[in-house]
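Chain by chain, the residues run as shown.
Number of protein chains: 2
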Amino acid sequence: MDAAEFRKRGKEMVDYVADYLEKIEKRQVFPDVEPGYLRPLIADCAPQDPESFEDVFKDIEKVIMPGVTHWHSPYFFAYFPAASSFPALLADMLCGGIGCVGFSWAASPACTELETVMLDWLGKMVNLPEEFLAGKDGQGGGVIQGSASEATLIALLAARTKTIRQIQSEKPELTETEIMGRLVAYASDQAHSSVERAALIGAVKIKNVPSDDTFSVCGSALRKVLDEDKAAGLIPFFFCATLGTTPCCSFDKLLELGPICNKENIWMHIDAAYAGSAFICPEFRHLLDGVEFADSFNFNPHKWLLVNFDCSAMWVKKRSDLIGAFKLEPLYLQHHHQESGLVTDYRHWQIPLGRRFRSLKLWFVLRMYGVKGLQEHIRKHIRLSHQFEHLVLQDERFEICAEVVLGLVCFRLKGSNELNKALLKLINDAKKIHLVPCNLREKFVLRFAICSRTVESTHIKFAWQHISQLATDLLKTWEQNHHQQ
Amino acid sequence: MDAAEFRKRGKEMVDYVADYLEKIEKRQVFPDVEPGYLRPLIADCAPQDPESFEDVFKDIEKVIMPGVTHWHSPYFFAYFPAASSFPALLADMLCGGIGCVGFSWAASPACTELETVMLDWLGKMVNLPEEFLAGKDGQGGGVIQGSASEATLIALLAARTKTIRQIQSEKPELTETEIMGRLVAYASDQAHSSVERAALIGAVKIKNVPSDDTFSVCGSALRKVLDEDKAAGLIPFFFCATLGTTPCCSFDKLLELGPICNKENIWMHIDAAYAGSAFICPEFRHLLDGVEFADSFNFNPHKWLLVNFDCSAMWVKKRSDLIGAFKLEPLYLQHHHQESGLVTDYRHWQIPLGRRFRSLKLWFVLRMYGVKGLQEHIRKHIRLSHQFEHLVLQDERFEICAEVVLGLVCFRLKGSNELNKALLKLINDAKKIHLVPCNLREKFVLRFAICSRTVESTHIKFAWQHISQLATDLLKTWEQNHHQQ
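Chains as they are written, first to last, in my numbering: chain A, 3 to 487; chain B, 3 to 487.
Chain A with its partners taken away, still in its complex shape (with noise of 0.2 Å):
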């Protein structure tokens, strides 16, 4: 393909993906096939001759629409949002036409450099407090990663050199194994499995500090624990704070945990995936109070900023935390401009060497809705979450179980898990809409995200009448099962 035809394919796709988006209400949210469902449809093996590009194109409806869950459909209120928009689909266009591989400065100067303004741009947005920007000559600053699970990862490293190296210079008789056997990180029960992988790769033991009945780690329920794991010999050296936490989004009491953290040396990580984009609004700037005692920080404009994946933000204090626990630095790899302290190279930063030029998306997506735009956008899921909300508090066969304070509403019906898991199962198998569980303590529960950057009030009330109607179906079934038994 030249690049003739790619002026044409391409404006071609541009229409398919245009009109993928507009009608994508149409399209069943949660596909009907059955696992292996794509290997007989296609080819054995790849062809030995070129096909045509109409060839290709039509199997896009035939062979990967049938087999897609819609993640932005109006009625997929699943996981957490998955972020899209234009702006960000144009910028991945020019990313991907670029196609520079920005492991260090040289290795593309503006993809380096326009990332380290943009997320000073983006800590801004949530006012974050200055150390954690890069400026002119800032010891902190910003860096794309991949997703939260990365992030996490490269605190907990950087924790742990840091650590190991502090450890070694005050006791040199010990050795690096008989340290990292000693070593602990914590998070809430609550927090998300890529903490507790994280430590899993990281090989340090991890503890699970209990949450309160808000769902939330206090400093009392640290303080806790670390006196315990300290009498017994333990290092504790990392604390992964978890704002808007993936089963409820609760939130970890920072004012609490981060002077406790300070205080014992602790590096505190904060995992605000989901919940970090909705700071960029002062009504719910105070829910990250508590910041300024900590390491680093991290949240996904993939998930709620309207940035395509992968466009995960971190944030460090001491930007020589990250680069002291990687830096290696082979002779290809060394360029002429590395020891001035205006440069950065990421690939220092991060688990994989190459990087795309992300921060494009950032660029495209905060100049072309503005700070308000996205705070509209933000403000809009919120109100629609509580407008759920409010329908399932008027519904007395339902409970709420877990304050809403962002885009999610917890929510069952009043009893039995197994009466839940039938109802999620009506819901999912219908497949007007798509919802996934969680548990909250023993209680197995319903979480309804506001997902689609489309979503609207009707969708909600759609939604909502949906269940009700399953709901009540079920109740009458279940009761004569129930009572014959």
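Fair warning: there could be bad hints in the mix.
As the list makes no split between identical chains, a pair holds if one copy fits it or if it spans any two.
[Stated by the list, open to error] Derived PhoX-like pairs (lysine-lysine); straight-line CA-CA distance at most 25 Å:
#1 Lys126 - Lys138
#2 Lys60 - Lys374
#3 Lys126 - Lys382
#4 Lys13 - Lys60
For the record, the hints were derived by calculation from the structure and aren't laboratory data.
Please read these numbers as outputs of a predicted model, since none were measured by experiment.
For this one, chain A is given, so just place chain B on it according to the hints.
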């Protein structure tokens, strides 16, 4: 921006990208900017109100392009190629439009299933042993990682977990920490820095195995370090063999190394990040002989197979080894089908949780080029590297520093490292072409990598004449200075 405006702007962006790539030759391959160039060119913070697409669009040439290193210029001979093709760009547009996050089968079945089948296609193209393929009920299979660094890390972590479990089942008295302290990984002294980094992250020792005078690791060299380390009570558990090293594209001797690893119960991972694409040509497939002894194998279609970054293909013989190392299963990620043998939840195969629909790129590229089209691309690059090699060999001031097997030529002026550093500086300061250096033992060497999809024989001739002229100029002054001293 609504869909109607996206249709308009998307088409403009398609034309911009087509123009950029069509006329890239006219742009200076390496930018003139100094560190910190970008910040003064843009605002201090994000705008409150939306800006127009036009405003953003005109800044591409004003702010971004002056700082871009043009990886797809036919005058770019640095690092290794970054793949780019029009079919891949089209697929990425579709990927962005669908915008699903495929962490589990249910999160978008097409995303998972196409990936599994595409990795089978690709595995067959390089004639991987059957065990590495997923097929309908295989124990192995492939996955797309973001980079070779991640593939190496995942392999090392899987090997670590497997070894610890094995040893603990034999000697339950040993703690995990004790075992960890004795584990050792190995790689060639020519291996990529990401191998050392993987060991650093995984908190295990790593040792270099000395390469021979062709920069390859042979069996006896590995045997020697293994024997020494085992005698010292260490536990060898992981060997990363490199096919196509970054400095000079040398090849470790799999047929000698593989049986040793198998006998010693050492996980053998093969990193063929760059070279792997060449194995689709029957005349280069012999370089992969011995892969049958490996546990995992990785190469980067995003380097040399015309699939835009990121697409790093990794295969394992036993998928249970990966999954066993990472599987954590919170309720919100569980789904109805997950116990089925047909279902792959790729989140257990990688570091991040989220993932884009990257297999679309493979599907588009493999079909629209066909195996023959891709073979042609590889063969053209290798022809051009030999063309450059011959030009160097005809000039007795220069020497070739390593066998030219694929698309990389390592060369230098006969003489001191300082002389060659001066030559490289002249080349990169002139900015007509772009190269990076490497060290081969004590020698400072220039790397000439065939990179661009559109590079032709005329560009090679131009590059050589330019280098040759700069060498003439340099040698003149160099001899004078040398004479004066």
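Comparing the hints with the structure gives:
1. Lys126 - Lys138: within (14 Å within a copy, 51 Å between copies)
2. Lys60 - Lys374: between (40 Å within a copy, 23 Å between copies)
3. Lys126 - Lys382: This pair counts as within: shortest intra-copy Cα distance 22 Å, inter-copy 49 Å.
4. Lys13 - Lys60: Classified as both: same-chain Cα gap 16 Å, cross-chain 20 Å, threshold 25 Å.
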